[in-house]
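Q: Could you build the full structure based on these sequences and the hints that come with them?
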Amino acid sequence: MNKQIFIGIAIFLISLQGFTQKNEKANELFQLTKKQMIEDFEYLKDNLKKIYPYYFAWEIISKDNITEQRHKIEHQLSKVETNTEFYWLIYSYINIYPDNHLKIPHARSLGYYKKNQNRFDIAINRSLIDNHKKIYAQLHDSIFFNVKLGMRFKYINGHYYSLREFEHNHFIYPKGSELISINSIDVNDFVYQNKTTIPKILWDNKSRLYYSDNLLLTPAIAQKDKIKLKFKLPNQTFNQDVYNINETVKIITKQPQISDSPNVCLLNDSILYIRMPYMFNESYYSNKIDSLYNSNIKKIIWDIRNNRGGMDKAWKKVLSKLIKKPIAYDIKIGANNNKTILDHGKRNEYVEYKIFTDSILNYEFVNLASTKEIIQPDSTLKNIRCKIILLVNENSFSAANSLQNIGNKSEDIISIGYRSGWIGGRGLTPLLIQLPNSKLFVQIPFTIDCSYISNINDYLHNTPEVEVTYNIRDFLRYYYEPSPYSEQYLINQDLLLKKAMKL
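Each position in the sequence shown, counted from 1, maps to that position plus 249 in my numbering.
Derived from the structure by calculation, the hints contain no laboratory data. Since we're looking at a predicted model, the values are computed, not measured. Treat the hints with care, as some may be off.
Claimed, not checked - Pairwise CB distance ranges (calculated):
| hint | residue 1 | residue 2 | range |
| --- | --- | --- | --- |
| 1 | Glu736 | Glu323 | 48 to 56 Å |
| 2 | Tyr533 | Ser608 | 42 to 50 Å |
| 3 | Thr620 | Phe279 | 44 to 52 Å |
| 4 | Thr606 | Asn543 | 47 to 55 Å |
| 5 | Ser628 | Ile309 | 39 to 47 Å |
| 6 | Lys499 | Lys382 | 42 to 50 Å |
| 7 | Phe605 | Gln625 | 25 to 33 Å |
| 8 | Asn530 | Lys499 | 34 to 42 Å |
| 9 | Thr606 | Ser508 | 48 to 56 Å |
| 10 | Asn720 | Thr620 | 38 to 46 Å |
| 11 | Asn530 | Glu736 | 17 to 25 Å |
| 12 | Gly360 | Asn597 | 53 to 61 Å |
What the hints assert, rightly or not - Derived lysine-lysine pairs resembling DSS-like cross-links, with alpha carbons at most 30 Å apart:
| hint | residue 1 | residue 2 |
| --- | --- | --- |
| 13 | Lys566 | Lys748 |
| 14 | Lys299 | Lys383 |
| 15 | Lys403 | Lys283 |
| 16 | Lys397 | Lys475 |
| 17 | Lys562 | Lys595 |
| 18 | Lys283 | Lys364 |
| 19 | Lys581 | Lys449 |
| 20 | Lys299 | Lys588 |
| 21 | Lys603 | Lys537 |
| 22 | Lys352 | Lys499 |
| 23 | Lys588 | Lys298 |
| 24 | Lys455 | Lys473 |
| 25 | Lys321 | Lys473 |
| 26 | Lys574 | Lys621 |
| 27 | Lys363 | Lys294 |
| 28 | Lys403 | Lys477 |
| 29 | Lys283 | Lys382 |
| 30 | Lys499 | Lys481 |
| 31 | Lys352 | Lys603 |
| 32 | Lys588 | Lys688 |
| 33 | Lys424 | Lys748 |
| 34 | Lys548 | Lys537 |
| 35 | Lys636 | Lys548 |
We put the beta carbon where it would ideally sit given N, CA and C, even for glycine.
A: Here is the structure:
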């Protein structure tokens, strides 16, 4: 596949020249010179290498030729002419890695860094945020404005399925129709060729494939007028047709508006159910647990599916309400050993200045945290004495993933669900850099979780203790349920909860 991605990068940059011209005038404040582009790119390259521990580790974990992919993108810099082409080159360079913490952040994410400028040694003001917002729009809005097909896909075990029933040229494609090829290219080959420009690229460690449900949202498609798609229908027949990318197909079924909010309730009077869609508002959960506690509770279901993270302190506070004895967890968080990292550590007072060589990666790290974290039971509550079962899925990320990893090592907690495709593990707030000329901000994680590592795949930290796999029929049932966290649905139809009840 390596040759395919190199060809894809070259074709993408050549074709992007025409595509970007119509987006330049609306968003650019000034045109970068080639010298400024080179300076910005070298600044990103140097900082990524210094800060990001997976810069070298991902090649070992994935067994993919990441070094050669970086070189291919670096060599394309000489062919870049417009600002938008340059920004896409930056995007491609960091999108090599399936890490949702490594990114060009949305402008609203910059508020946190603005409030904590001293901690991150970076200056942010409203003018810089506005400039960043324009660049972000050039990258993201231009894709959504040009690719208007209206299709939605779900990746499951090497296959892409349509989530919507739609009609095109008087032919109806049912929900669950499988996308086989794009412009006569096998769908997985297409994703690999364009993986550096497809938003939110992920990694399927079982199938050893990169994937994304956003596979059509790439400049390789956006710069064209038409696209040829081949589907395998649920009745095992095939249909292929040509689509205008700027025209929405006739959508027959759309996902309903999902009802999802924080909730703590009793199911069947004996199951304490906690729905936590994000890692905030710990007081709400604590108070509800206090009010509902009773001796009839036999099991705790803690649902963090689709929880994209937040603050670790939120789940720690809730967990302390649920445990009967302390939970101890070994933490070993590493980072690259250089002045940039050590200076950041001094500002934040968490560097122990101990160096260790990771025996599997054979690389030297500085030890940011090597301790046994202990979560104590809340002394104000007569704690519930039963198993805690965490429900997780492929979208349980960041702080939610940290809770999942605690659960995987605790005898009192069992995590069950679907594995993520993003690099996980305990970490610290990513660093933020600003390119010197374009003033574009890039968020770069600087930690690697070396806790409980016995083989190369353990660095991913993304697999629940009891792993379950989707099939498309089960997922569609969940996808089209307007209240998937309601008591009625959970008790009667939620397949993951039913599996959890048997543990």
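Q: Taking each numbered hint in turn, which are not upheld by the structure, reported in ascending numerical order?
A: Of the numbered hints given earlier, those the structure breaks are 6, 12, 15, 18, 21, 22 and 24, listed in rising order.
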